[in-house]
Amino acid sequence: MTRRVPSALLCLLLPLWMTLAPGQARAQQQDRILLSATNCVLELEKGVYHLWDHVRVESPGMLRISCDDLRASLPQDKAPGTSGPLPTGGKLQSLVASGGVVIELFQPGAGGTTNVVRAFGKQAEYGSQEEILILTGDPRIETASGTMIGTEALVYDLKSRTMRNRGSYRIELKADILKGSTLFNRGTNAPKPR
Amino acid sequence: MPSLRLRSWLTALAGLMALGARAQGTGATVPTPTAAPAATIRQWGISLRDNVTGRVQLRFSSTEASPTPSGKGGLVPALWDVTGLRLESFRSDERSDFVIESPSCRVNVTTRDAGSPGTFTARREADGVSIHGRGFQFDGTEKRLTVSNSVQIELRTRLFQSKPASP
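Residue numbers (the numbering used here), protein chains in the order written: chain P, 1 to 194; chain U, 1 to 167.
Source of the hints: derived by calculation from the structure; they are not laboratory data. From the three backbone atoms N, C-alpha and C, an ideal C-beta is built for every residue, glycine too. Among the clues, some could well be false.
As the list claims (entries may be wrong) - Here are a few chain P residues that face chain U, going by a calculated C-beta distance under 7 Å:
hint, residue
1, I33
2, L35
3, S36
4, A37
5, C40
6, V41
7, L42
8, L44
9, E45
10, V48
11, D53
12, H54
13, K192
As the list claims (entries may be wrong) - Computed beta-carbon distance windows for the label pairs:
hint, chain 1, residue 1, chain 2, residue 2, range
14, U, P117, P, L34, 18 to 28 Å
15, P, R71, U, T121, 19 to 29 Å
16, P, R140, U, V52, 47 to 57 Å
17, U, L75, P, K122, 26 to 36 Å
18, U, S104, P, T113, 42 to 52 Å
19, P, H54, U, R86, 21 to 31 Å
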């Protein structure tokens, strides 16, 4: 005897599945990092990866890096009682990108929009301990509202999404952000014309 | 009935060649082809062990393998041209580490390396790392994979936790 799923139950579950599925798919997308390049040397046991020529790193929906040279490290714990290493869940320990580094960070904005922050430099380092990106070599970060240009290093905290600097820096704001602002449209104490 | 015995022995040998031979080597032992020179061996395989511990480090297997001809008309016993390669690397506790597969490549069982200008895939089940590309050389002693044409690597991890949408 075969049992049929009541159509009413399907009607209830289908909208729920349609609500959850995109979120799960997005989470699965974010749980992977894609590295690509023309050349590489992978120390499979040590977990040290060196890629060069047309290097791209992509964390779908979150981050994209392009550069000439990349060194990535996936730490390998030593198993107790053995001399051999064991992989540690594929967790990325560090990334060092160099040569024409361009980083694009995608952040969810209001109303389902995506804000893109672009960073440029000669070298970028990512450390999983602090979850920071350190940009050096004529570092520059562009956002929708302006550009931050550093002389030594710009440090972007990925957790708090805050920026700090080493050395001096300057900020160039886009004139657009003053549109509609009353900052330069206030009354003055000049005598009123008669 | 010596001729009958010889015929049955030849039949058995032909059957062995048809079904394929599996060579099992230890250490740096070079497998001896069980078929006639320049013959293709089906279901070819060899396990290479650590010289000190005797534990399996690498296992090469393929659907077909042929000893590589040398320039002087002979065969190079250590070099094999294989199709359908499956190369499995083991950790020191003999648990499987990663698997490299290539439709066609050349294997050197003495130096424990394999390479091909063609395509390949590599994966490690333990952490979900998967690699595919074109033009590879694998150094089995150092467990080093060099790719010279194109490579894509997928890591099952995330760089950082995303924050909820901000206005």
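Evaluated hints:
The restraint placing P/I33 at the interface with chain U holds, with a minimum CB-CB distance near 4 Å, inside the 7 Å limit. Taking 7 Å as the C-beta contact cut-off toward chain U, the hint placing P/L35 at the interface holds, the least distance being around 4 Å. Proximity of P/S36 to chain U holds as hinted, the smallest CB-CB distance being about 5 Å (cut-off 7 Å). A cut of 7 Å between beta carbons decides the hint on P/A37: the least distance to chain U is about 6 Å, and the hint holds.
Interface hint at P/C40: satisfied, since its Cβ lies 5 Å from the closest Cβ of chain U, which is below the 7 Å cut-off. Hint on P/V41 holds. Least Cβ distance to chain U is approximately 5 Å, under the 7 Å limit. For P/L42, the interface hint holds, the least distance from its beta-carbon to any beta-carbon of chain U being 4 Å, beneath 7 Å. Residue-level restraint check for P/L44 holds (minimum Cβ-Cβ distance to chain U is 5 Å; threshold 7 Å).
The closest approach between the C-beta of P/E45 and any C-beta of chain U is roughly 4 Å, which is under the 7 Å cut-off, so the hint is satisfied. The criterion of a C-beta within 7 Å of any C-beta in chain U is not met by P/V48, whose closest approach is roughly 10 Å, and the hint is violated. Hint on P/D53 is violated. Least Cβ distance to chain U is approximately 10 Å, over the 7 Å limit. Interface hint at P/H54: violated, since its Cβ lies 9 Å from the closest Cβ of chain U, which is beyond the 7 Å cut-off.
At about 40 Å, the closest approach between the beta carbon of P/K192 and any beta carbon in chain U exceeds 7 Å, and the interface hint on this residue is violated. Distance hint for U/P117 and P/L34: a CB-CB separation of about 24 Å, consistent with the stated range 18 to 28 Å. For the hinted restraint 19 to 29 Å between P/R71 and U/T121, the CB-CB distance of approximately 23 Å keeps it satisfied. Look at P/R140 against U/V52: about 54 Å separates their beta carbons, and that is inside 47 to 57 Å.
The hinted range of 26 to 36 Å is not satisfied by U/L75 and P/K122, whose Cβ atoms lie roughly 52 Å apart. Against the hinted window of 42 to 52 Å, the Cβ-Cβ separation of U/S104 and P/T113 comes to about 49 Å, which satisfies the hint. At roughly 30 Å, the beta-carbon separation of P/H54 and U/R86 lies within the given 21 to 31 Å, and the hint holds.
The structure fails to meet hints 10, 11, 12, 13, 17 from the earlier list, while all remaining hints are met.
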